[in-house]
Amino acid sequence: MIDILVTICVAISIIFSILGVIGLFRFPDFYTRIHAASIVGSLGLLFMGAAVLIYAGGLWISGDEAWFNYGAHVILALLVMVITGTTSMHAIARSAHRSGVVPMGKIDALKEDETKMKQQEERKK
Amino acid sequence: MNDIFMVAAIIFVLLIFACGVRIWRGPTNADRMLALDVINILVVITMITLSLWFEQPVIIDVAIVYALLSFVGTLYVAKVIMGDLR
Chain F
1 MIDILVTICV
11 AISIIFSILG
21 VIGLFRFPDF
31 YTRIHAASIV
41 GSLGLLFMGA
51 AVLIYAGGLW
61 ISGDEAWFNY
71 GAHVILALLV
81 MVITGTTSMH
91 AIARSAHRSG
101 VVPMGKIDAL
111 KEDETKMKQQ
121 EERKK
Chain B
1 MNDIFMVAAI
11 IFVLLIFACG
21 VRIWRGPTNA
31 DRMLALDVIN
41 ILVVITMITL
51 SLWFEQPVII
61 DVAIVYALLS
71 FVGTLYVAKV
81 IMGDLR
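Note that the protein sequences, when read in sequence, are chains F and B. For reference, each letter of the first sequence is one residue, going 1 to 125 in our numbering. For reference, each letter of the second sequence is one residue, going 1 to 86 in our numbering.
Take these hints with a grain of salt, some might be off.
Beta-carbon label-pair distances, calculated as ranges [claimed, not checked]: (1) B:M82 x F:I61: 47 to 53 Å; (2) F:P103 x B:L85: 23 to 29 Å; (3) F:I75 x B:M6: 20 to 26 Å; (4) F:I61 x B:L14: 32 to 38 Å.
Here are the computed lysine-lysine pairs in the DSSO-like style, where the Cα-Cα straight-line distance is at most 30 Å [stated by the list, open to error]: (5) F:K106 x B:K79; (6) F:K116 x B:K79; (7) F:K111 x F:K125; (8) B:K79 x F:K118; (9) F:K111 x B:K79.
Among the chain B residues that face chain F by a calculated CB cut under 10 Å, a handful are [said to hold, decoys possible]: (10) A18; (11) A35; (12) D37; (13) N40; (14) I45; (15) I60; (16) D61; (17) L68; (18) S70; (19) V77; (20) K79.
Simulated from the structure, these hints should not be mistaken for lab results. Just so you know, these numbers come straight off a predicted model, no measurement behind them. C-beta: ideal position from N, C-alpha, C; glycine also.
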């Protein structure tokens with residue numbers, strides 16, 4: 001039973017990682033490639049962590065002492081990756097926008113919003 | 001049970017090489033940095049898979065340290081691309 005659950009979680013992780021890398025190649029624009037790259041960081045990593053947690057649960061049921069090593073370390077690794085993955089994706093998108101990467105549709109809504117916000121701040125002053 | 005983890009690790013390593021192609025021919029520098037970040041995440045996933053394959057939980061600790069160091073590297077390269085550092 002636990003073998004089947006671990007196999008299903010590993011298979012889901014592999015499928016989402018392959019989909020993310022395919023999207024990294026097939027999407028036409030930088031800002032759409034970020035979506036595909038985030039799939040690998042969220043679903044691929046979380047399902048692999050879930051597989052390790054289920055494996056540790058199987059070790060706990062069978063009375064092995066190594067389950068605490070797997071469980072605690074994987075929870076710490078998932079916490080670190082959830083925080084740093086989202087932050088690094090935000091930093092990449094921000095630096096690309098500041099360095100002048102143009103979206104595919106030639107419509108940069110963020111730049112228009114920034115000009116509007118600057119005008120509103122000037123009115124308040 | 002171990003065969004599944006072996007196949008998963010091999011597939012993740014092949015995906016890392018596929019991301020290397022995107023680094024090689026990326027149109028802008030931001031694309032290269034994005035592919036490098038995906039490679040870092042895939043290395044962490046591969047290390048967790050290897051810890052299941054060899055049944056050694058120590059490799060997960062290596063994955064945690066690698067994740068933190070790659071995060072610092074990604075932020076530094078982001079500042080370089082943005083133009084703050086010359």
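Practice item. May I ask which of the numbered hints given earlier this structure violates, with the numbers listed in increasing order? Key: Failing hints: none at all.
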